[in-house]
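Student: One-letter residues, chain by chain:
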Amino acid sequence: MADRANLNETMESGAPFVPLSAARPNLRDPRLVLSLLEADQVVAAKSQTHFGRRALSLGIRLTLWALRGYVLLMMIIVVVSVLRALHGAR
Amino acid sequence: MSARERNSLSSKSKASTARADAHSAHPTTESASAAAPELIGLLTHEDIDRARDRYEVERARSRGQGPRALGRFRLLWLLVGPGILVFLGENDAPSMLSYSADGARHGIGFFLPFVLLTFVMGFVVQEMTVRLGAVTHRGHAELIFDRFGSFWGFFSMGDLVLGNFLTLITEFIGIRAGLGFFGIRPVVAVGGALVIVVGAIGTGRYWTWERITMGLAIFNGLFIPAAILARPNWHAAGRALLTWSPLPRGSHYAVIVLILATIGATITPWMLFFQQSAVVDKGMQPRDISAGRFDTFLGALLAALFAIAAILATVPLFRHGITAAQFEKAEFAQALVPWIGQAGAALFALGIFEAGMVAAIAISTSSAYAFGEVLHTGHSLNRPLRDAWPFYLTLTGSACAAAALVLIPAFPLEFVILIVNVIAVLAMPPALAFLLLLVNDREVMGEHVNGFWANLAGIGVTVLLISAGIGFGLATVFPQWLGG
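Residue numbers (my numbering), protein chains in the order written: chain A, 93 to 182; chain B, 26 to 509.
Please keep in mind that the hints were generated in silico from the structure rather than gathered at the bench. Computed from a predicted model, the values in this text were never measured in an experiment. A hint or two may mislead.
Unchecked claim - Computed, partial: chain B to chain A, Cβ under 10 angstroms:
1. V186
2. F190
3. P454
4. E468
5. G471
6. E472
7. G476
8. I495
Stated by the list, open to error - Reference excerpt, derived from the structure (chain B facing chain A, CB under 10 angstroms, subset only):
9. E71
10. D171
11. R411
12. P455
Ideal Cβ placement from N, Cα and C applies to all residues, glycine included.
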C-alpha cells in the first residue's frame with residue numbers, strides 16, 4: 093500500500109519511483125513500470141516518435157561528400173594493394 | 026523546428042507528448058508515468074524487463090548515497106557492461122594477432138606506447154556514444170537515419186555491414202586458429218562457437234546476455250600470464266613507454282600497414298554502433314552517464330593491458346629473428362612453444378579463441394541492432410524470439426555465414442586479418458563525422474552536447490585517422506617515395 097501511495101505521488105510529480113522496501117517489485121503493475129522508465133524508453137512511445145531531419149549546411153554537406161570520396165578512394169587503393177600482394181605472392 | 030516529429034499516436038497521447046515538448050527541450054528525461062500515462066495499456070515484455078533493471082539500479086543508487094562504499098560498488102556493478110564489452114570485444118582475434126605481429130616483427134619500442142595511445146583515442150570516441158545512447162534512448166543507426174536521412178544513412182550502413190561481416194569472418198578465423206592449437210578440427214571449433222553465440226542470445230534477456238558475455242570476455246586476461254611466461258624485459262618496456270623507441274625498422278610500407286592495422290584494432294565503426302545500442306538496451310538514463318564513462322574507461326584500461334600483454338608475449342619471436350608471418354593459419358601460439366613453453370602457448374591460444382568468441386557475439390549483435398533500428402523492427406535482447414525474429418535472424422544469420430566462409434580451404438588468413446583492420450580505419454572518419462555532428466546537436470543532446478575539449482579530442486582523432494589513411498594511400502600508390 094505504501095508503494096501505491098508513493099506511486100500516486102510519482103504519477104503526479106514525474107519523479108522516479110523507488111520503493112526501497114520491496115526486494116521483488118511487482119512489475120505486473122504497469123504504473124510502476126512507467127514510473128521507472130523515461131518517456132522515450134517505452135517501446136510504444138519510441139516507435140511512434142522520431143527525431144526530425146536536421147538542415148545540413150553547405151559546409152557539412154561538402155565535408156560528408158569529401159569523406160565519402162575519401163573512403164571510396166581508399167577502398168580502391170586497398171583493392172590495388174591486395175592485387176599487388178597476390179601478384180607478388182605468385 | 027521541433028526536435029521531434031510525432032505522429033499517429035492517439036489524440037490523448039499526442040496531447041501528452043506535446044505537453045512534454047512544451048515543458049522541456051528534451052523530454053526523454055521525464056518519467057513515462059508523468060509524460061504519457063496512457064501508455065499503461067501498451068507495455069511490452071521489453072519494457073518490463075528494462076523496468077526490472079532500472080528498479081535494481083535505482084535501489085542501488087538510493088542505498089549507495091552517503092559513505093556506503095558497498096552500495097556504490099553495487100551501483101557500478103549494475104551499470105558497467107557496454108564499455109567493457111565493446112573494448113574487450115574489440116580486443117578480438119584480428120586485433121590480438123595484429124598486436125602480436127607488432128611484437129613479433131618490430132619489438133616493443135614503438136608499438137607499446139602507440140597501442141596505449143590508440144586506447145586513449147578509443148575512449149574519447151566511445152564516451153560520446155554513451156551520452157548519445159543514455160540521452161536519446163536511440164541506437165546510432167536510427168539517429169543517423171533520423172537526422173541525416175536515408176541517403177547518408179545507407180552509406181553509413183554500407184560501411185558498417187561490410188566492415189562487420191569481414192570482421193566477423195576473421196573472428197571465426199581466430200576461433201579456428203585458437204582451438205586448432207589443441208587439435209580441435211575446424212568444423213567442430215566453428216560449429217561449437219556458433220552454438221555459444223546462439224546460446225547467449227537464447228536467454229531472451231539483455232542483462233543475462235551481457236553477464237554471460239562479460240564472463241567470457243574476462244578470459245581476455247589470459248594474455249597476461251602468457252606475457253609473464255615470456256619473461257619480458259620490464260626495463261625495456263618502461264623505456265619504450267616513455268621514449269617511443271627504438272622505432273620499427275624494415276619496409277616502410279609494411280610498418281604503415283601495421284600502424285593502420287593497430288589503430289583499426291582499437292577504433293572501428295562497429296564499436297560506435299554497438300555501444301550506443303547496448304547502452305539503450307540496458308536502459309541507461311542521463312543520470313547514469315558518469316557510470317557509463319567509468320565503464321568505458323575500465324573497458325579501455327583492461328583492453329590496453331591485455332593488448333600490451335599480447336605484444337610482450339610475442340616479443341620472443343622478434344628477439345629470435347622469427348617472423349610470425351612464416352606460420353600458416355596465424356598459428357602464433359605454435360610458434361611460441363619453444364620460447365614460452367607449452368603452457369604459455371596454450372594460454373595464448375585460448376586467449377585468441379576467447380577474443381574471437383566474444384567479438385563474434387558482440388559484432389553479430391551490433392549488426393542485428395543496426396538492422397532492427399533501420400527497419401523499425403524489434404531490436405532488443407529483452408524481446409522474445411517471436412516478437413523480434415528479424416533481429417535474431419540477422420544476428421544468427423550473419424554469424425552462420427561468416428562461420429561457413431572460414432571453413433573454405435586455402436583462405437588467406439593472416440593477410441585478411443591485417444587488411445580487415447586497415448579497412449576499419451579507412452571507414453572510420455565518416456563514422457566519426459556523424460558521431461561528432463550528432464553529439465554536438467543540441468536538439469538531440471540538450472545539455473549533454475560536447476564541450477570544447479571533447480570536440481578538440483574528437484576532431485584530433487579524426488584528423489589522425491585521415492592522415493594515417495592518406496599515408497597508407499601514398500605509400501601504396503608511390504612506394505618509391507618510401508624506398509619500398
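Student: Determine which of the earlier numbered hints do not hold for this structure and return their numbers in increasing order.
Tutor: Violated: hints 1, 2, 5, 6, 7, 11.
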